[in-house]
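Turn these sequences into a full structure, and let the hints guide you.
Residue numbers (the numbering used here), protein chains in the order written: chain U, 1 to 266; chain P, 1001 to 1304; chain Y, 2001 to 2277.
Derived by calculation from the structure, the hints in this document are not laboratory data.
Be aware that one or more of the hints could be misleading.
[Claimed, not checked] Simulated restraints on C-beta separations:
(1) 2121/Y to 137/U: 23 to 31 Å
(2) 2006/Y to 21/U: 23 to 31 Å
(3) 2006/Y to 1003/P: 38 to 46 Å
(4) 1003/P to 2180/Y: 54 to 62 Å
(5) 1078/P to 2108/Y: 53 to 61 Å
(6) 2185/Y to 74/U: 33 to 41 Å
(7) 140/U to 1249/P: 46 to 54 Å
(8) 2185/Y to 81/U: 57 to 65 Å
(9) 184/U to 2017/Y: 47 to 55 Å
(10) 152/U to 1259/P: 16 to 24 Å
(11) 78/U to 1252/P: 28 to 36 Å
(12) 261/U to 1070/P: 40 to 48 Å
(13) 2250/Y to 184/U: 51 to 59 Å
[Unchecked claim] These stretches of chain U come out as covered by chain Y in the derived footprint (C-beta under 8 Å, 3 or more residues):
(14) 85-98
(15) 101-111
Beta carbons: idealized from backbone N, C-alpha and C, even for Gly.
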Amino acid sequence: MPTHAGTPLIEARDLTRVYRRPRTSLARQGEAVHALREVSLTVRRGERFGIVGESGSGKSTLLRLLCALDQPTSGSIRFDGQEITGRPERALKFLRHSLQIVFQDPMSSLDPRMRVRDLVAEPLVALGEPIGGRVTELLEEVGLPASAADRYPHQFSGGQRQRIAIARALAPRPKVLVADEPVSALDVSVRGQILNLLADLVDELGLTLVFVSHDLSVVRHVCETVAVMNNGSIVETGPVDEVWAAPEHPYTRTLLQAVPTLEGLL
Amino acid sequence: MLSVEGLTVRADAVELVREVSFDIAPGERVGLIGESGSGKSLTALSLMGLLPEGVRASGTARLGERELVGVPEGRLKDLRGREVSMVFQEPMTALNPLMRVGAQVAEVMTLHGRSRAEARARAVELLGRVRLPRPEQLARSYPHQLSGGQRQRVMLAIALANEPGLLICDEPTTALDVTVQKQMLELIAEVAPALLFITHDLAVVAAVCERVLVMYGGRVVESGPIREVFARPRHRYTEGLLAASKLTPRGTRLPTIKGSVPAAGRFPDGCVFRNRCPYASEKCQTEPALTGDGHAYACWHPAD
Amino acid sequence: MRGRVNAGLIAGAVLVGIVVLAALVSFVWTPHDPTLVDASNKLREPGGGYLLGADKFGRDTFSQLMVGARTTLYVGIVAVGIAALIGTPLGVIAGMTPRGWLAELIMRVNDLVFAFPALLLAVMLGAVYGAGTLTAMIAIGVATVPAFARVARAATMQVMVTDYILAARAAGRRRAAIAVRHVLPNIGSMLIVQASVSFAIAILAEAALSFLGFGTRPPIPSWGRMLQESQELLFSTPRLALWPGLAIALAVLGFNLLGDGLRDYLDPKLRRIRAER
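Written as structure tokens, this is what we have:
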């Protein structure tokens, strides 16, 4: 447990997000889809917080709201004491500074027509910060040679691309790193490298980590706390080891039983 | 039943699959494990005669009395779906969105010479066999009305329609949620006449198959009964892969394999794994043969 | 596997190259003065320095074709330029905010312009501002705006749903920066394809307008007007219609082939397949 854990860094209250399907009839409005139903959660400073859910559970919607890439239908999110919902983009600079994201598929999250140098420097450019030698420094931090800066994303393997994405996320020295299924598109033999790298960086830089995954066993390796989502709600939350050892909600139990493991067989 | 000998797949000068040989007995379920670029999918596609343009297979693959490799398209069409059939990863794009699912199942049977009425009736029966609820009603729905898991079951029904001797599944549950995946795996294991199951997921293969082939860099590097291979891997790649698949407790380092999977055609000669292998020596510059009875491996410095 | 430079792309590039070369050379050299009226050469048969013969005013056909290529390219460049400069930003704006009122307005006005025949627009502008190359180019350009706006909008919408746009937003990029840094470079290939196809349409439109007398004014040579002037002699001297007609057909074919070839060559999906091998 990090020693400075305690005060909440992210506090979400009663988040609801309703999408409307496109109309199919002139008379009626499109059907309403509740992607998120009154979700509340608290992430403390320095915590490693995992969010687990299957497709359609609402975990991606929740993630977008926490990153202010989408607006909730109702509810509030306070980041470091400041409300972030309902703000225009230009009033979110502090959040962009403090919170950065690593996406699932590094193939699609890196603009194929930009060089690594520009990709990694993008948050700095956007926030109007000096770049200097930061790109080389960041590449080194994630274990890539300085020469990578002049190449394009497609010249790298999947694991290396995810390293580039991590370097980009670290550029503005954020407090929070949000990782959206960062290893599920990677080969098993490189998955460990990326998880180890993330763990090292979180330790060294004192980051708070929000880690989203469909795989409870990965979350168990990475996080201290977990929130299990199903059907737009958080059905169970608590310390990972407790949830893993004694799941309370029936859905969590189903999820745990469904995960194929090697241990059981051998 | 299926006997593959020296299967090699190339695109121009690049060798993507090299000298792959294996057998599948009737009723046997064999897993083909590999990461991206291992050549596992190309191996499967060459058995179906579905290789992309510019990619050619050589060697032999006999299914019963029939040859599958290097056969002209005209004759393959008869084999495909009747003798061998395949379920792909993506259930969203594999079905025609404008056709009712019952008609799509029936179509593969009329193509191979059944009467329309008979095919219709059997389609409903098949949908029931893949444990879809209320098959008569479900046969009349369109693909977008079904969930991902249901669509994949429809794909399985289509694959089983003509009672093929061999079913090939290429990552059939990768796009599905874990809770749906489990039932799907059980179903596949139950209905497959003989199975070649392709995946990158070791745990999934362990849940379905009896025997396993581990591919890396276009070659089979280890093969054998699944319990033996997983409990006592001999090839250093299999060993590393198994270690990397186990998630150790929080705060500990995960075991890793150094470097990354090279791009196709960039694997080293000799032993394909030697540039990532901690045990590699000069000897590994010569290609190790796949040797051993039952449990075989191609490694100069095997683990004990 | 090497880049898929297909036969169509090569053929298109060669045809377009010939037109461009003819136009460039015509600035410094033509066999004869293309506008020189010389009664002694009236309807002169091919040969003796007059490669393709001369027309009813004694002007050298080959020289006229060369200078006509200039007109053709000039019209194409300006018309496509107008269309791209207006249509692309409109399409990108509409594509980046597909549900906003502005997008709705842009696309509805677009539909209106699209429904209006280009030639009719050119004839009307010609009647008001006087016929001429410039009027024709502007009319063709304006009429081509919707095609660009639609392609740009569709392509932008595809780009906007990718993770790298989300990543750019998360990095704190503003809309304008996303449009310039991420959207434009990634829709560029589709715009280039659209440009070459529009170029072919513009060439045809200019020829048609000149034929109708609403395009390039005499004495500046134009392939369309050469056709028109040869009309009365179609049966006695068919070659006068044949050469400009052939020139138009080949130039249009060239740009179309170039467009199709570029589409295949630049298609990211095809390229990814190549990269994976």
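So, going through the hints one by one against the coordinates:
The hint said 23 to 31 Å for the Cβ distance between residue 2121/Y and residue 137/U, and at roughly 58 Å that hint is violated. A hinted range of 23 to 31 Å for the beta carbons of residue 2006/Y and residue 21/U is inconsistent with their spacing of about 42 Å. Roughly 40 Å separates the CB atoms of residue 2006/Y and residue 1003/P, a value that falls within the hinted 38 to 46 Å. The given range of 54 to 62 Å is respected by residue 1003/P and residue 2180/Y, whose C-beta atoms sit roughly 59 Å from each other.
In this structure the hint that residue 1078/P and residue 2108/Y lie 53 to 61 Å apart at CB holds, the actual value being about 54 Å. Between residue 2185/Y and residue 74/U the beta carbon distance is about 38 Å. The supplied range of 33 to 41 Å therefore holds. The given range of 46 to 54 Å is broken by residue 140/U and residue 1249/P, whose C-beta atoms sit roughly 29 Å from each other. Evaluation of the 57 to 65 Å hint for residue 2185/Y and residue 81/U yields a failure: the beta carbon distance comes to about 39 Å.
Between residue 184/U and residue 2017/Y the Cβ separation comes to about 49 Å, which falls inside the hinted range of 47 to 55 Å. The hint said 16 to 24 Å for the Cβ distance between residue 152/U and residue 1259/P, and at roughly 20 Å that hint holds. Separation of residue 78/U from residue 1252/P is about 34 Å and conforms to the stated range, judged on CB atoms against 28 to 36 Å. Our hint of 40 to 48 Å for residue 261/U and residue 1070/P holds, since their Cβ atoms are close to 41 Å apart.
The hinted range of 51 to 59 Å is satisfied by residue 2250/Y and residue 184/U, whose Cβ atoms lie roughly 53 Å apart. Look at the region 85-98 of chain U against chain Y: 6 of its residues bring a Cβ nearer than 8 Å to a Cβ of that chain, three or more, so the hint holds. Here the region 101-111 of chain U counts 8 residues with a CB under 8 Å from a CB of chain Y, which clears the bar of 3, and the coverage holds.
Comparing the model with each earlier hint shows violations of hints 1, 2, 7, 8; every other hint is respected.
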